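Trainee: Between the sequences and the hints, there should be enough to build the whole structure, so can you do that?
Those protein sequences? They're chains L and W, same order as listed.
Residues 1 to 374 in our numbering are what the first sequence lists, from first letter to last.
Residues 1 to 465 in our numbering are what the second sequence lists, from first letter to last.
For the record, the hints were derived by calculation from the structure and aren't laboratory data.
It is possible that some hints are incorrect.
With the Cβ distance kept under 10 Å, some of the chain L side facing chain W (calculated, not the full set) [claimed, not checked]:
1) Thr30
2) Leu144
3) Glu215
4) Leu272
5) Ala294
6) Leu355
One-sided excerpt, in silico: chain W residues whose CB lies under 10 Å from chain L [to be verified]:
7) Ala94
8) Arg108
9) Pro110
10) Gln112
11) Glu392
12) Ala402
13) Leu417
14) Met422
15) Gly460
16) Asp463
These numbers come from a predicted model, not from an experiment.
We put the beta carbon where it would ideally sit given N, CA and C, even for glycine.
Single-letter residue listing:
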Amino acid sequence: MAGAACALYAARAGLEVRVVDRGAVAGGTTGAGEGNLLVSDKEPGPELRLALLSARLWAGLAQELGAAVEYEPKGGLVVASAPGALAALRDLAARQRSAGVTAVPVAADRLPDLEPYLAPGMAGGVHYPQDAQVMPALAAAHLLRASGARLHPGHTVTGVLRGADGMVYGVRTDRGDIHAPAVVNAAGVRGGELAALAGIRLPVLPRRGFVLVTEPLPRRVRHKVYAADYVADVASDSAGLRASPVVEGTAAGPVLIGATRERVGFDRSLSLRAVRALAAGAVGLFPFLRQVRALRTYAGFRPYLPDHLPAIGPDPRVPGLFHACGHEGAGIGLAPATGLLIARALTGKAPELDLTPFRPERFDTQGGNDGESP
Amino acid sequence: MTERPRLAVVGAGPAGLAAALTAAARGVRVLLVDAADQAGGQFYRQPAAGLGARRPHAPHHRWRTWERLRTGLERHRAAGRITHLTDHHVWCVAGESGSGGFTVYALRGPGQEEGVTVRADAVLLATGGYERVLPFPGWTLPGVVTAGGAQAMLKGQLVLPGRTAVVAGTGPLLLPVATGLAAAGAQVAALVESAGPAALSRRLPALAAQPGTLAEGAGYAARLLRHGVRVLPRHTVLAAHGTERLEAVTVAALDRTGRPRPGTARRVRCDTLAVGHGLLPHTDLAETLGCALSGTAVRVDAEQRTDVPGVWAAGEATGVGGATLALAEGRIAGQSAAARLYGTAPDPRRWAAADRTRARARAFAAALDSVYAPPAGWAERLPDETVVCRCEEVTAGRVCEAVGTLGAGDARTVKLLTRAGMGWCQGRMCGPAVAGLTGCPLDPGRRPFARPVPLGVLAGLPDTE
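Mentor: What follows is the structure in structure tokens.
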């Protein structure tokens, strides 16, 4: 997704673009995502600024691409089951409002107006109208098509080509060299490996998530609904299982329940513990789901960096190399802003927002300590 | 004496029954877990008890083998060596970390809403196969059934799917379905088989090595003749027609390259079309356990062991080959599992006869497999508007668009971009068609849930892994 957005904005900035992928379109984390475009789960700061820029860009892309990407500005609803959690949620919402987020407190007795099937007894919630959704695989495929970029699927990058002066001049793949004066690393969970091919360190690691998909249903869940604990899970550094799920209906009918957060490397095997936690969380929010059947579950791997911020921009260590990876679970949402910022950097224009927090070399200045181990 | 080891056998068809009886006879406590309310699987499917069938064996052959299996099962059940868990729909089997044992997760009850777990020291997967049906215009009309579905109606409910039937597709299943329908009183207007008679005769050496089955085939042919069924080898059904339901099919002859010969298309009136293009192995449980596959089947060694310690597999799940092969594999798997559960290496000489049967039956199955193939180029001839994925109503045109303009080059990407295979059947029905249209080999696909599971059951799982 990040690569597709970079391709689109770079092509629109007048560049000729080629997209190289070891697999197929949307074959990695994109194809395993839910398509969350969230501002609600972010603390004020650089990631929220990126998310707000992206939310505006997504609305514009949706106008252009129409229903093809299944964009739904459905809004998010965060609920708290206890007064303590509600106070923390309201406090977060107040800070988000001052950062430009629309966050509307919802009293307990008004929750059924927004979500009639929600479990009774909740303490209250906050409504975030800017939260939206796309179908990520379709979004990536249609952005790529709109970019007009030439695709090289099934090409694995095996080296970054650099001249005697250290400048990048293309990539080596298992099916031949591709020359270009600039290379954008949008390799997601493999972003660290690609950086290593260029001789530099970018500590991207996978954080596994399971998603549950139910049988198709008439629309009963209207927003993206999640419990206030979710924000704590997203920000958590814990390697253990975190499973406060986001529950939402989709245009196609199934309810999506996702996702767990676990650091277990690239292990795709079924975890019944993760699935159980998701189901329990979803049934807690929407009791009617107890009788609804899950048709499938699948795992994906979020590419995360130690400070939970992506790497976006030129790499001063390797002239000609740019990074657009490490978005963790927010890659679909943050992709358009990332693509636009990369296109600005590629064409030497001033960025829309300060790229300092996203500097790819920032982990070299922390004494090599990533703050955690995988 | 310590407690006897427990073996969970999933599936009570020929392979599962043979394995369960063999292991039980060697002192293993067997938990036979099966979705049906009676043992037998698809092959020995029994009429529902309430129907009071006077001649339940009428739609069956090899009745005596079945009687031996049934008697054996009753004896072992009475002695407490086999626990037969009927109406248990298994959705997952998981290894327990640490203990080396396994948990079988099943659903029970009329609505399959009650979660049940069964623990065992080892697992034997005899999950059978499912039918491959390739799409053609009109295949979603009421009145079009799968060949296996028609047979299940005959065997299980003692009813005919219709009055005038055409049986079509390819594979050895079509013969018994056509004779079964004819014997039960349906008029079988034609048996349309895309394989040619010459292809069959070229494989005669391998086929002749399996004289029993060949004689069986000859028996079917004689019965078809007696019922006046027109057999059309190297023909195919191009389309099914009807407004509310099926009224007729268009049948055409195929040339030597397997393409329809111009000018040979003709209409055949019928109210039932039983169609099938062979069987595919059920591998979902094995895949979730981490067992390696070979093509679309579970890979096993000479003892029917998978590459996951403690997991055996037998029958169609390890490669489609019919009941004779399934019985032989089940016997070998049962002996191997029993010996290994008692910590001894099994002696292959004890299953020498089953081993010979297995070798012959596998060679026979491979020969059949090369004979029975869908007509060449069927995917290219599919009109854009034909629905390929029934659950999500995805047409052939949308699949081709995903391949042509959105850059999908494999079945998974097609699924992501079109939703083909995301519905209730999870791509079991449309998988082969999508693979054909995409031009890639059939990928068995990952299905961690072998069947849909209520979220309430998932939420109530014991908190262990």
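Trainee: Mind listing which of the numbered hints don't hold for this structure, in increasing order?
Mentor: Checked against the structure, the hints that fail are numbers 6, 8 and 9, while the rest are satisfied.
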